[in-house]
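Take the given structure of chain A and dock chain B to it, following the hints.
Next come the chains, spelled out residue by residue.
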Amino acid sequence: MIYDVIIIGSGPAGLTAAIYTTRADLKTLLISGVKWGGQLMLTTLVENFPGFPDGIQGPDLMANMRKQAEKFGTEFVNDNFTAADFSKKPFKISVGDKSYESKSVIIATGADNKWLDIPGEREKIGRGVSSCAPCDGAFFRNKNVIVVGGGDSAMEEALVLTKFATMVTLVHRRGSFKASEIMQKRVKENPKIKIMLNSELTEILGEQKVEKVKIKDNQTGKISEMPIDGVFVAVGHMPNSSMFTGIDLDEAGFVKVHDHYLTNVDGVFVAGDVHDNQYKQAITAAGYGCSTALEVQKWLEDQSS
Amino acid sequence: MADLNLTDQDFEAQVLKSDTPVLVDFWAEWCHPCRIVGPIIEELAGEYAGKLKVGKVDVDKNQVANNYGIMSIPSVLLFKNGKVVATLVGAQSKDSYKKEIDTVLGN
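Protein chains in written order, with the numbering used here: chain A, 1 to 305; chain B, 306 to 412.
In isolation and in its complexed conformation, chain B is listed as follows:
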C-alpha cells in the first residue's frame, strides 16, 4: 500500500531486499507537485497489489534520497532486485507510471 512510509532504517529490508519489484515515491510536505502525484501512486498501489510493492520516502526526514542522486521531487523510482531500473522525475500522468511499471514487471 502507498501507506508504507519507508525510512532510512527499513529501506534496505523493504526495498533493496524485496522479492517483488518496488515503486518508491520520494516526496516532501512542502512540494506541491508531490500532492498531485500522491493520489495517483495510491491508485497504482491498489491496481498492482500483490505484484508491486509501493512505498514513499519523506525526503525531509530521511537521507536515503541522497544515495540515488535525487535533486528534484516528486521523483518516482522503480527497484528490482535491489537496483534502480526506472526513474521518473516530476509529476507525470498515471499512464506514464503504468508504462514503466509494466515494463519492469514484464507485462
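If we strip away everything but chain A, and leave its shape as in the complex, we get:
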C-alpha cells in the first residue's frame, strides 16, 4: 500500500499536520517514535497555549492532540524512524526492518535537548545529570541542584525543582537571561533559587554519581568547585535532522526551508522545530503543522491532475 503522506514526528507539528491531512481524507501514517509527544512530554503546566485559561499539563495536551489525530483515522507506528529514501518515488520510510511507502512526507522530528558536552556529563546522565526536572525532580528531595541555562525552559526547570530541592542554583553564562519577563520574575522572587550569572560549568565530578562541579567565572576566568547533587541542563535544543540523507540543512543543522514548508526535495515537506530556529513554541509548531498539511494536500491534488 502507498500512503498519501507519512509524517515523521509526533509533537505539536506532526500531530496537527495529521489532524489536517486525515480530515482532508488523505491516507496518513505517523511515525511517532518510542518517546512520542515531543518536548512537551517533559514539561508540566503549559500556560501559553491558547484555549486553556488555567493552563494544561504538557503531556495531557499531547495526549489530547494524539487522540484527535487518531479519531480522524491517522495510523501510528510507535517506533523510532531509522531511514528515509527520498531518491525515488514513492518515497520509502524505514522503521527498523519494516518499511512504508508514501507519495509525500512531512518531516516534523522537532528538536532534542542539547547537552553541555563537558567532561563527566554523558556518563552521569541518569546519575545526577538530567534534562527533565518534572521527570527526575523527586529524586532530589532535600538536595542541592544546579540548573544551567537562561531561557524559559531553564526558568521552568528551576521553579519545578524548588518543590523538591533545598536550594537551586541557576547558572547562566551570560550577564542576563533571555527568558520571558514573567518567568524571570518568578525565578527572582523565589527564595530557594540562587542566581549565578556570567558563569559556566566546565566539568562534572563524582564517582558513581554527581558530587561536585567546576564552575568558571567568565569575567575573571577563575575556576571554583562547588559540591552539588544534581545538574539539570536546559541550554536549548538541537534539531533532529541529521538522519535525513539528501535534505539540505543550514549551518546550525535546521532543515533549510523554501517558501515556508518545502525542502529541497519535491514532495518532502517540513514543519515545526526541526526547521524553526526562531519561535520554537508549541503553538507555532502546531501552526506550521497545519499550513504544511494544507500545502501537502494542494501538492497531491496538483500531482494527480
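The set of hints was computed from the structure by calculation and includes no laboratory data.
Just so we're clear, the structure is a prediction, and the values are computed from it rather than from any experiment.
A portion of the hints provided could be inaccurate.
Derived EDC-like pairs (lysine to aspartate or glutamate); straight-line CA-CA distance at most 16 Å [to be verified]:
id, chain 1, residue 1, chain 2, residue 2
1, A, 280, A, 121
2, B, 403, A, 97
3, B, 404, A, 121
4, B, 399, A, 79
5, B, 399, A, 302
6, A, 27, A, 70
7, A, 212, A, 97
8, A, 35, A, 112
9, A, 35, B, 407
10, B, 403, A, 302
11, A, 98, B, 400
12, A, 103, A, 302
Away from chain B, derived, C-beta distances all over 12 Å, residues of chain A [to be verified]:
id, residue
13, 125
14, 200
15, 203
16, 242
17, 281
18, 304
Even for Gly, the Cβ is constructed at its ideal location relative to N, Cα and C.
Then chain B, alone, in the frame of chain A:
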C-alpha cells in the same frame, strides 16, 4: 508477569534470590515517560515468560531504588544471580530492551 509489584519487603526474595534473571522496571505514577515504557515491559513479560521474571517497583512507595543509585525514571535494571548486569535509563525502544535481555539470557 509485569503485574508483579515488587516492594522493599519482597525485593530480596523475588529479585536477588531468583533462579531466573529478573527485569525490574522502576517507575512512578507522575512519570510520563514511564507510561510509555509500561506497555512495552508488559509485552516483554509475555514474550519471555518462563525465561525471565519481570516486575516493577513504584519508587514513591519503596526505597529499594536508592540501593541502585537510581536518580532518573524510567530505569530498567536486569538482575542475574542477585547482581545488576544491565541498566537502561529513560524510555527506550522495545528492541533495545530485547537486545539487553538476549545478552543476559545468553541467546
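Quiz prompt | Hint check, failures only | solution = 1, 3, 5, 7, 9, 10, 13
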